[in-house]
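Generate coordinates for the entire structure from the input sequences, incorporating the hints supplied.
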Amino acid sequence: MITLTFVRHGESTDNLSAFWAGWKDACLSVHGMNQAKAVGKYFESYPITHMFASDLKRAHSTARAIYDAQPDPKPPLVITNLIREQHFGDGEGKPWSPQPGGVWSLPEGRDGKFSNAPIIAEAKGKPAGEVNVVVVSHGIAIAETLGAIVRRSASVDQNGWNKGFRGLHNTAWTRVAIGLEEETLSKVNSAGVTDSNPGTPPDPSAVIADKAEQAAPPPVKCAEAGPPSIRLKVIACNQHSHLRDVVRQKDGNASSGDDPTQKKLRDFFGGGGGD
Numbered sequence: 276m277i278t279l280t281f282v283r284h285g286e287s288t289d290n291l292s293a294f295w296a297g298w299k300d301a302c303l304s305v306h307g308m309n310q311a312k313a314v315g316k317y318f319e320s321y322p323i324t325h326m327f328a329s330d331l332k333r334a335h336s337t338a339r340a341i342y343d344a345q346p347d348p349k350p351p352l353v354i355t356n357l358i359r360e361q362h363f364g365d366g367e368g369k370p371w372s373p374q375p376g377g378v379w380s381l382p383e384g385r386d387g388k389f390s391n392a393p394i395i396a397e398a399k400g401k402p403a404g405e406v407n408v409v410v411v412s413h414g415i416a417i418a419e420t421l422g423a424i425v426r427r428s429a430s431v432d433q434n435g436w437n438k439g440f441r442g443l444h445n446t447a448w449t450r451v452a453i454g455l456e457e458e459t460l461s462k463v464n465s466a467g468v469t470d471s472n473p474g475t476p477p478d479p480s481a482v483i484a485d486k487a488e489q490a491a492p493p494p495v496k497c498a499e500a501g502p503p504s505i506r507l508k509v510i511a512c513n514q515h516s517h518l519r520d521v522v523r524q525k526d527g528n529a530s531s532g533d534d535p536t537q538k539k540l541r542d543f544f545g546g547g548g549g550d
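Residue numbers (our numbering): 276 to 550.
A hint or two may mislead.
Stated by the list, open to error - 27 Å max Cα-Cα, derived DSSO-like pairs, lysine-lysine: (1) K349 <-> K332; (2) K316 <-> K349; (3) K332 <-> K316; (4) K525 <-> K312; (5) K312 <-> K349; (6) K332 <-> K525; (7) K312 <-> K332; (8) K525 <-> K316.
These are calculated hints, taken from the structure and not from any lab test.
Structure representation (structure tokens):
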């Protein structure tokens, strides 16, 4: 049995501006970095054996925060472009519109795409990558990956999470257990799992991921050649209790990009010296 935990990146500077940010490489906002540190703290006692992260700054920085909080010996961390967010083609960096047909609004249908952008569904026929424990990625990428796993599963135990894989909040995590058909998934540890809080509005890319998942076909047994049939059990979806004490700063800097050099400057001018 393998347990997969998918973590969405912290708030980026583009999340605040409601831009289409697929491959647009925005860094974490100060608030986003605080979110990343909070999820790192939350996972510090969780025995991570392997980590994979998107190479885009917002996901890479979030993964580093989780990695840094892990005790020694730390798990291997692989940074890869294979789990980047969807590329939005001509929509990249353009304002997001919630209205159908609006400027750079979400194209209709699961296979809808912007001009000059690849279709996510094209990834369905590609070989499965290596299974890991923690994956730090992006809203749509996570929803589509989970959808692909569901389609390869001979059976899916929703375990009470019957609303599907909803759009993830920043640094929220979703966890599933995967095993072969003859394996039992009943002894999965679900300690610390709480219901999601629908009152906190997700950012635009989380809304898109939610719509993509809602438009997905029902789970069917995968007929294509590939790995042995597997079973999947959903352990938790959209968990973000670690954000309860993360408060957005009121000094105006929470929206700016996180800059590690600023702390050194403050320490220096505050008499703390510097290295």
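Cross-check of the supplied hints:
1. Taking the CA atoms of K349 and K332, the gap is near 21 Å; set against the 27 Å cutoff, the hint holds.
2. Proximity of K316 to K349 is assessed by CA-CA distance (about 14 Å); at most 27 Å being required, the pair is judged to hold.
3. Distance check on the hinted pair: K332 and K316 sit about 20 Å apart at the alpha-carbon level, within 27 Å; holds.
4. The straight-line distance between the Cα atoms of K525 and K312 is roughly 19 Å, inside the 27 Å bound, and the hint therefore holds.
5. The hinted pair formed by K312 and K349 meets the criterion: a straight-line CA distance of about 16 Å does not exceed 27 Å.
6. Only pairs whose Cα atoms come within 27 Å are accepted, and K332 paired with K525 is accepted, the gap being roughly 24 Å.
7. Proximity of K312 to K332 is assessed by CA-CA distance (about 15 Å); at most 27 Å being required, the pair is judged to hold.
8. At roughly 23 Å between alpha-carbon atoms, K525 and K316 fall within 27 Å of each other, so this suggested pair holds.
The earlier numbered hints are all upheld by this structure, with none contradicted.
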